[in-house]
Amino acid sequence: MNWLFPSSSAWADQIQSRLLKLSAVFLVLNALVLTLSPAVRYHSWQAEYRWQHWLGVLIWLASFSLVHRLVMQALPERDPFLLPLAALLTGWGLLSIWRLSTENGLRQSLWMVFSLLILVLGLRAKNLLGVLKRYKYIWLISGILISALTFIFGTYPGGEGPRLWLGCCGLYFQPSEPLKLLLIIYLAAYLADKILVNPNFLQLLLPTFLLVGAALGILLIQRDLGTASLFLLLYFTIIFLASGRIEVLAVGAVSLLAAGITGYAAFDVIRLRVEAWLNPWLDPSGRSYQIVQSLIAISSGQILGRGAGIGYPGFVPIAHSDFIFSSIGEEYGLAGTLALLAILALWISRGFRVAVMASNRYKRFLAAGSAAYIGLQSIFIIGGNIRLLPLTGVTLPFVSYGGSSLVTSYFTLLLLMLISVRSETPPAPLQNTRPYLITGGMLFISLLSAGMVNGWWSVIRSNDLMGRFDNPRRSAVSQVVLRGAILDRNNQPIVISTGKPGDYTRHNLYPPLSLVTGYTSIVYGQTGLEASLDPYLRGLQGSPTSTVWSSQFLYGQPPPGLDVRLSIDLKLQTLADSLLGNYTGAIVIINAQSGEVLAMASHPYFDSNQIHENMGEWLQSDRGYLLNRATQASYPPGTALGAFILTDYLAGQPLPDSPPELSIRFNNQNWNCAVTPSDPLSWGEVISSGCPGPILELGKQLGAERLAGMYEDLGLTQSPSLRLPVAKSVSTNDLTDTLKIALGQDAITISPLQMVLASASLSREGGRPAPFLALAVSTPQQGWVILPNDATAPALPVVGIPQALQLLENPALPVWESTASAFSGEGRVAWYTGGTMPDWKGTPISLVVTLENQNPVAAMEIGHSLFKTILRPK
Amino acid sequence: MTGIVVLIFRILAVISLYAFLGWALITLWRELQLTSSQLTSPQFPSVTITPLDFEDLQTREYQASEVMIGRDEGCEYTIPDDTVSSRHARLSYHHSQWWLEDLLSKNGTYLNDERVYTSTVIISGDELRCGKVNLRITIKNI
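As they're listed, the protein sequences go chains A and B. Quick note on our numbering: the first sequence kicks off at 1 and runs consecutively. Quick note on our numbering: the second sequence kicks off at 1 and runs consecutively.
I should point out that these hints are in silico values taken from the structure, not numbers from a laboratory. Backbone N, C-alpha and C define an ideal beta-carbon position, used for all residues, glycine too. Treat the hints with caution; some may be incorrect.
Under 10 Å between C-beta atoms, here's a sample of chain B residues computed to sit facing chain A [claimed, not checked]:
| id | residue |
| --- | --- |
| 1 | Thr2 |
| 2 | Tyr93 |
| 3 | His94 |
| 4 | Trp99 |
| 5 | Leu103 |
| 6 | Leu104 |
| 7 | Val116 |
| 8 | Val121 |
| 9 | Ile122 |
| 10 | Ile123 |
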């Protein structure tokens, strides 16, 4: 590579050449990674490679090769580190900007050429430093005036925003960028000529405060508060360096704090920024959106980074400018950002060395000010990106997108390089080295803390942050990595992903099950089984740990998703849905022995294929499209409890001779049997017909305490654990009034799922099964693996069950049944519960039909149709 | 597979980045060593003092950065003559020059017959008079 960055025998030239070569190697390797990144993302060499950014790399190589030669000629005795450090930072930024946007990359490349042109011209200009010193007032005043012009002609290149730029026709300039450097030049020149013996503060601060105050005022009016605070800090730093008095730092700190507090009270912008900084987690989608997204980006980088082009830095707003550090953090990892901080530290240390070795006071102040300027501004924005400091919208020098920033940074580099030239005259006497050590030390400590905070996010908190629901990378990778399918118990697909890598879409092949399967969407997040089975469907759980780790490390993606088999039987589900039709209500059918849910219908339902079109309508409707009535709805059980009360009663004593009056008065309303009982009116007949009178009579004899115990045994006081959200269950504290407990009214509510599980304990003669919805997951190594499930819980006393079921048996079908009704507010609820008899040889079935505001006969007819189909000999 | 190939490039890139940093630091370390060795063994031209008319004295060459001249035994160049003050004059090397300085001597210090009041640069061949003692200064080029 000698032809690119040739060297001479001089020590300085050798260093510069070597460092530039290493920078070039780094950039070319990363450019290569960026080119290959689509192949990584889609796991295939047949991808559309990225080539555009090579234009930027070529421009970088060509211009720095040229600048290197010119610098070797013009300044043989310069500091050899400054140019390569700046070159590496610029090239790194350039690559990151090209990666985010080709257009901005091209613009930044041209700005880089322009900046280097200024650098080269500056090297050739005679006595540039002297001219800057002599006309110090002119420079600063014109800087202030040009900044003031933004009040009249100010625009924002990106459309709506703070009007801090001047220019038109695609070429914009932000005058506040060079203003900072002009301040440094002015202060250095002014203070170099003043030799004050033991000055007091007024003597130190007053003469400079008029101009500095004017500049500060303009920045404040522009609301460019980041630059304003940087300005203030730089001002005090330079006064401190020149005067060597530590009190200046104290005054500076106090003024900055005072300005901050006043600003907090006066400006909404500052208050929001500070609050977003102190507690970003309160409003992660609003005010602290930027900072939270920035932290998520940094945490996704982890240690080695995702690799250029493989991460998703574009999810952070203004990633190419204010948040370029987090974008580098995501793709180059902690290894990259620590190196970046080290480069800055080197740059600052060289700057201070140049200052200490400078041949006169003007050059010394100017060099120290320039080094502090680059250091402070970097710390401001990096600290903002990693939540070490409140966010200030300044750029990262040399790295961020922005012409004004880049030109100013290169002008600063030019000044330092000019001052660094070793002259015949020895360094000017330096009475007190302390200010330089203190300022340099504080900058290093800040960079070190930035490195540690960075490590905290990218290593220790990494997994927590990446797992957040507002991490858009999770949904983004689901378009690239195939998500597992959801299958029914016979491996019939219910929900699948289709399409090509990069364009996968989720399809629900059986939309009526949307309330169970849920949805997964970039906009609306995840619900239902898509949410609860997400780790399996994304392959994070069930895949070998090494696979999960290696695909995360190599591709920045989870491994291919795993298919999950549900207990749902699509044939039975279709039947339940067709029978439920336009009714509002739910049907749950389970295997009474194992608790496997065979069908779970809830109407009305939404269609997960159409959430983007219809979600607004569903959310606004009061029909509850998004409510899974089988698990989430709370209905009063009413006389549906009759079967259980009968069983519990029979366990202790024989029934009275004949049932009492069938109907009762309840809350000033007549409560009749749910269906008309047929003669002769046996106990079994009146209870399976849901007649409130006999049920209340038995309940009264059992008493409130015993009934409350029955609720607990049936699992009605606890929410069943399922991979779906379930309704809150009734509290034992509400189980005091015998009338209400026996007739399941008022605060006593249960879900259809609880009811079907309770009735399963009758069909299996004791023991209440836990519900089972997801059966198994298809793992790459062991095939189908059964998913864990809760054990069976004890239920009613077994003694009463055989006699009770005999009484409740349907004469035409081998099932026991109970049709019931309940009052629910203004309306009514119809229940049908039933199950196979314990001696049934086929699959033991338990089912419940719940309808809102319908005649219980309708529920009963649905139940009978279901049983006839299910129990029909195959 | 694509991931592994790209990983190799990614690792190479990190290595080149840290090579940059490491090499910069090594160079800085070398530079520091060089500077400090220059400071501890400063290179400056030796100065030789030759007596012109005083026979008891010897010609002496000094490799130090400071040479005190006087009657006192503690001076680097001791002149046992009553016209010479106990600490008469000082030769010192700084700012790339040898300087002569009169230490408020009673009879004065003369450089090429001109009295010295402030610190004055001397060159090889200059004649120096302390009291009534004439000396020649020779500075060796390095």
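We went through each hint and held it up to the structure:
Interface restraint check: threonine 2 of chain B against chain A, minimum CB-CB distance 4 Å, threshold 10 Å, status holds. Interface restraint check: tyrosine 93 of chain B against chain A, minimum CB-CB distance 13 Å, threshold 10 Å, status violated. For the restraint placing histidine 94 of chain B at the interface with chain A, the shortest Cβ-Cβ distance is roughly 9 Å, inside the 10 Å limit, so the hint holds. A cut of 10 Å between beta carbons decides the hint on tryptophan 99 of chain B: the least distance to chain A is about 14 Å, and the hint is violated.
For leucine 103 of chain B, the suggested interface contact is broken, since its CB lies about 22 Å from the closest CB of chain A, more than 10 Å. For the restraint placing leucine 104 of chain B at the interface with chain A, the shortest Cβ-Cβ distance is roughly 24 Å, beyond the 10 Å limit, so the hint is violated. With its C-beta approaching chain A no nearer than about 23 Å, valine 116 of chain B sits outside the 10 Å limit, and its interface hint is violated. Interface hint at valine 121 of chain B: violated, since its Cβ lies 15 Å from the closest Cβ of chain A, which is beyond the 10 Å cut-off.
Against a cut-off of 10 Å between C-beta atoms, the interface hint on isoleucine 122 of chain B is violated, since the closest Cβ of chain A lies about 19 Å away. Nearest Cβ of chain A to the Cβ of isoleucine 123 of chain B: about 17 Å, over the 10 Å cut. The hint is violated.
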